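K.L.:
Top to bottom, those sequences are chains W and L.
Counting from 1, one number per residue, gives the positions in the first sequence under UniProt numbering.
Counting from 1, one number per residue, gives the positions in the second sequence under UniProt numbering.
FYI, nobody ran anything at the bench for these hints, they're computed from the structure.
All of these numbers come straight from a predicted model, not from anything done at the bench.
Be a bit skeptical, because a hint or two may be false.
Same chains, same label: a pair holds when it works inside one copy or across any pair of copies.
[As the list claims (entries may be wrong)] Straight-line distance between alpha carbons at most 25 Å, and here's what the computed SDA-like set of lysine to any residue pairs gives:
id	residue 1	residue 2
1	K234	D93
2	K254	E333
3	K230	V118
4	K8	G282
5	K336	P256
6	K324	E314
7	K170	H260
8	K336	R368
9	K170	Q386
10	K252	K336
11	K144	R289
12	K57	N5
13	K132	V169
14	K230	E162
15	K220	A279
16	K252	A377
17	K336	C52
18	K288	N5
19	K230	S112
20	K341	A369
21	K119	G351
22	K192	I7
There are 2 protein chains.
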Amino acid sequence: MNISNPIKEVGHFKPPTRILCGPGPGNAHPRVHAALSLPQLGHMDPDFLNICEDVKKLMRYVWQTNSEFTIPVSGTGSAAWEAVIANMTRPGDVFLCCVNGYFGERQCDMASRYKADVKRIDAPWGEVFTHKQIEDALTKYKPKMMWMCYAETSTGARQPLEGIGDLCVKHNTLFILDTVTAIGGIELELDKLGVNACYAGGQKCLSCPPGISLLMMDDKAIEKSKDWSKNNEKVPNWYLDMSMIRNYLVQKDKAPRAYHHTAPISMVYALREALTIIADEGLENVWKRHTQTAEYFWGLIEEAGFEMLIPNKENRLTSLHTIKVPEGVNATEAIKYIREKFNMEIGSGLGSLNGKVFRVGLMGYNSRADMALLVTAALKAACAEQNWKPKNK
Amino acid sequence: MNISNPIKEVGHFKPPTRILCGPGPGNAHPRVHAALSLPQLGHMDPDFLNICEDVKKLMRYVWQTNSEFTIPVSGTGSAAWEAVIANMTRPGDVFLCCVNGYFGERQCDMASRYKADVKRIDAPWGEVFTHKQIEDALTKYKPKMMWMCYAETSTGARQPLEGIGDLCVKHNTLFILDTVTAIGGIELELDKLGVNACYAGGQKCLSCPPGISLLMMDDKAIEKSKDWSKNNEKVPNWYLDMSMIRNYLVQKDKAPRAYHHTAPISMVYALREALTIIADEGLENVWKRHTQTAEYFWGLIEEAGFEMLIPNKENRLTSLHTIKVPEGVNATEAIKYIREKFNMEIGSGLGSLNGKVFRVGLMGYNSRADMALLVTAALKAACAEQNWKPKNK
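Next comes chain W alone, as it looks inside the complex (with noise of 0.2 Å):
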C-alpha cells in the first residue's frame, strides 16, 4: 500500500456545535437529531415504505396540496429543484424565468443545460414582480413554463402569488414554484396557487438537516414530462428519472414497487420527524409563529440602529431577512467575529449583496424570540467592534 494511514494526522471526530442563524441550514430540531440516529431499514422494505407514505401524507399537508406525486428527493434541495427541469423541459420549450436574485439566476442556468429557450423578466434585487409585468411576458413570450421564486433567499424577498397561478392558467403554462425558504414557516397553499411543480429543501423552516429535498409534481407537470416517453426518449438524468422513481415511489393496483437507487433512509427519518413536529403545531401555528418572530426581530434591529434591506414589510420574507450594512463596517469581518467570539453563524450577501447585507435566518426551531434577541445583540457587538455609532443614538 502506497497511501499511509493518516489517522494520526487527522485525528478523531470533533465538531465544534454553532448557533445556526445564516440563511440555512438553521439548526435541527433536537426530536429531528433523534431520528436520524435511529437505526436504518433497508431501502425496499415494506415498512420503510409505510414510511415514505407517512412522509408523503405528512408533506402533502405542509404543501397543502393533493397531489398525488409528493415526494422526498435523495439529494439536498437544488437536486429536487433540478428534478423538476430535467422532466419539464424538453429542449427548444420556452422558459419564463422571473429572475429578481441570485436563484433566479440559477435557474437560467439550469433550464439552458436542460436546452430550453429561456426568457427572463428582470426585478432588482430585493424587489417583486407585479402581475403586470408577469401577465406582459406572458403575452410576449407565450411560455410552456414559467419559474417563479416565492422566498428569494439571497434578498430576503417575498412574491406575492395571488392570482398567478390564474395567469399561467390563462396563457396556457406551466407554473414552477421555488419554495425552498418558505415551506413550513411562510403561509403557502399549494393548490389554491395552482402551482404545477413545486421544489424546496429540508434545512430551513423544517428544521431537519440539509441532505433531502421535498418535489411536488401535479397531473399536468407529469403529463409534460411524459412528453420524453411519449417521443421514444428518457429524460437526459438518470438519477432524478421522476418515471422511474414513480414506480418505487407511488404503487399503482398493488404492482411491487420496482428498485431504482438507494434511498438516503436516515435522512427520510429527519425529514418524517421534522414534519411530525410541525403537524403537532398545527401548520397555522407555525406560520403565526414565525410572523411574530419575525416582526420582533424587525423591531428590535430597527430600535439598535439597523435598516432592512426591504422597506416594505408586506414584501420581506419572515424567515429570512436581510439587514443593509452599515457604512464603514466590514461585512465579512463582522461575521467573522461572531462566528468567533459567539459561536454564531450568520450570512453574507450573494452575488450583487455581497458586502451589503447580513442575512439572517430565523426558521423553523431557531424562529424563537430568544434567537431574536440573541442575534440582533451580536449584530450590534460585531458592528460596535468596528467603531460603528447607530445614528439618532
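We have chain W; now place chain L onto it with these hints.
P.N.:
Leaving out everything else, chain L in the frame of chain W:
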C-alpha cells in the same frame, strides 16, 4: 386550508429495527449513528470545510489514491456514478461497457442518456471478463472510456483487475471503475490499478447509512471533463457539475470557496466517522476480516446443504454472497419469513437472477462470525419451513 392535519392518521414515528444482511444498506456502525445525530455546522463554515478536508484524506487512504479530486458527493451512490458519466461523456464518445450483471445494464442506460456511442461486451451473470475479451473489445471499438464493475452486487462476482489498467493505457482508453460494494471491504488500490475515475456508496462496507457517496477523478479524467468548457458548453447536469463542485471542495491558491449547493452536513459527519473507524482498524485488517468472515460463511452455507452461485472462490466477493435458492423453495416467501420471524433483511435476486438466488451482505460492521452464523441459521429455518431437506443429510 383544504388539506387536514394527518397527525392522527400517521401517528408518531416509531420505525422497527432490522438486522440488515441484504445487498445494502448494511447496519451502520453505532459510532456512525452517534456522529449522524451531532448538531450540524453550516456548509460554508470554515470548520465544516476542514472536516471535508479530513474526509478527503481518509477517502484517499481507503481507496489508496493520491488524486486530489477525491470527494464526497451529495447523493446516494448512483449520484456519484452519474457525476462521473455526466462530466466525462461528450455526445458521440465511444463508451465501452462491460456487462455481467444488473449494474452493467444501468451503466449502458446512463451513458446513453448522455448520448455516448455505447458499445458493450457481455459475460453471463455471475461470471467475469477475461483479459482477452477486454483487449479484443478495446481493439475493436477504440473507446474513449471503459466502464467496469469490480463488485457486481447483483451476482456476487468479483472482477479480477490486475493488468486491466495497463490495457486501457495501451489503447488510450480511460478506465472507470464501480467500487460500490468493494470500498472498505475488499482489496482495492486505485492508483496501483490505474483507475482514472471511480465512485462508491457509503452504505455497504463503509457501515454508513445511504445518502452520501464517494467520487474520484484523476487528472486525466478531469482533463476529459474539461472538453465541455473548451467547447464553450456546460455539463448537461447542474447538480453534478464537477467544475463547480471543484470550486467548493478544492481550494486553489487560497481562493475563497464558492457556494454551489448546500452539502448534506450530517451525512458528511457520518462518512467522516465511518472512514475513521476503518483507519482505526487499519485498511489491511479490514480486508482480512472480510475474507475471514466470508470463508467462514461459505463453509457454514455449504455444510448446511446450500450451494453458492459462483463456484470459484477466487471470483466471489467477500462482502456480498449469492446463494442458489434450493429447488422447491419460493425465494420471496423465504425472505418474508426471515424478515417476519427473525427481523432480518436478506436480498432477492435482481433481473435474470430474480427468484434464483438469495443475496446476503456481510459488510463492514456486519462482517462478523456471529452474523455469518445467524444468517445461515435463518436461511436454514426459512427453507425448512417450506419442507426443504438438504441433499446428503
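K.L.:
Between copies, within a copy, both or neither: which fits K170 and Q386 at Cα up to 25 Å?
P.N.:
Cα proximity of K170 and Q386: none, with 54 Å in one copy and 62 Å across.
K.L.:
Can you give me the call for K336 and P256, within, between, both or neither, at a CA distance of at most 25 Å?
P.N.:
between (53 Å within a copy, 14 Å between copies)
K.L.:
Indicate which option fits the pair K220, A279 if close means a Cα-Cα distance not exceeding 25 Å: within, between, both or neither.
P.N.:
Answer is neither; intra-copy 28 Å and inter-copy 51 Å both fail.
K.L.:
Reference check for the pair K341 and A369, CA-CA at most 25 Å: within, between, both, or neither?
P.N.:
within (21 Å within a copy, 50 Å between copies)
K.L.:
Using 25 Å as the alpha carbon limit, work out where K288 and N5 are close: within a copy, between copies, both or neither.
P.N.:
between (53 Å within a copy, 16 Å between copies)
K.L.:
Checking an output row: K170 and H260, CA cutoff 25 Å. Within, between, both or neither?
P.N.:
neither (37 Å within a copy, 36 Å between copies)
K.L.:
Should K254 paired with E333 be assigned to within, between, both, or neither, using CA atoms and 25 Å as the limit?
P.N.:
Answer is between: at 18 Å across copies they meet the 25 Å cutoff, but 59 Å inside does not.
K.L.:
Give the relationship of K119 and G351 under a CA distance limit of 25 Å: within one copy only, between copies only, both, or neither.
P.N.:
within (21 Å within a copy, 44 Å between copies)
K.L.:
Is it within a copy, between copies, both, or neither that the alpha carbon of K234 lies no farther than 25 Å from that of D93?
P.N.:
So K234 and D93 pass the 25 Å test inside a copy (16 Å) and across (18 Å) alike.
K.L.:
Is it within, between, both or neither when you check K230 against V118 at 25 Å Cα-Cα?
P.N.:
both (23 Å within a copy, 23 Å between copies)
K.L.:
Using 25 Å as the alpha carbon limit, work out where K192 and I7 are close: within a copy, between copies, both or neither.
P.N.:
between (55 Å within a copy, 22 Å between copies)
K.L.:
Quick one: K230 to E162, C-alpha cut-off 25 Å, is that within a copy, between copies, both, or neither?
P.N.:
neither (34 Å within a copy, 45 Å between copies)
Comparing the model with each numbered hint stated earlier shows that hints 7, 9, 11, 14, 15, 16 do not hold.
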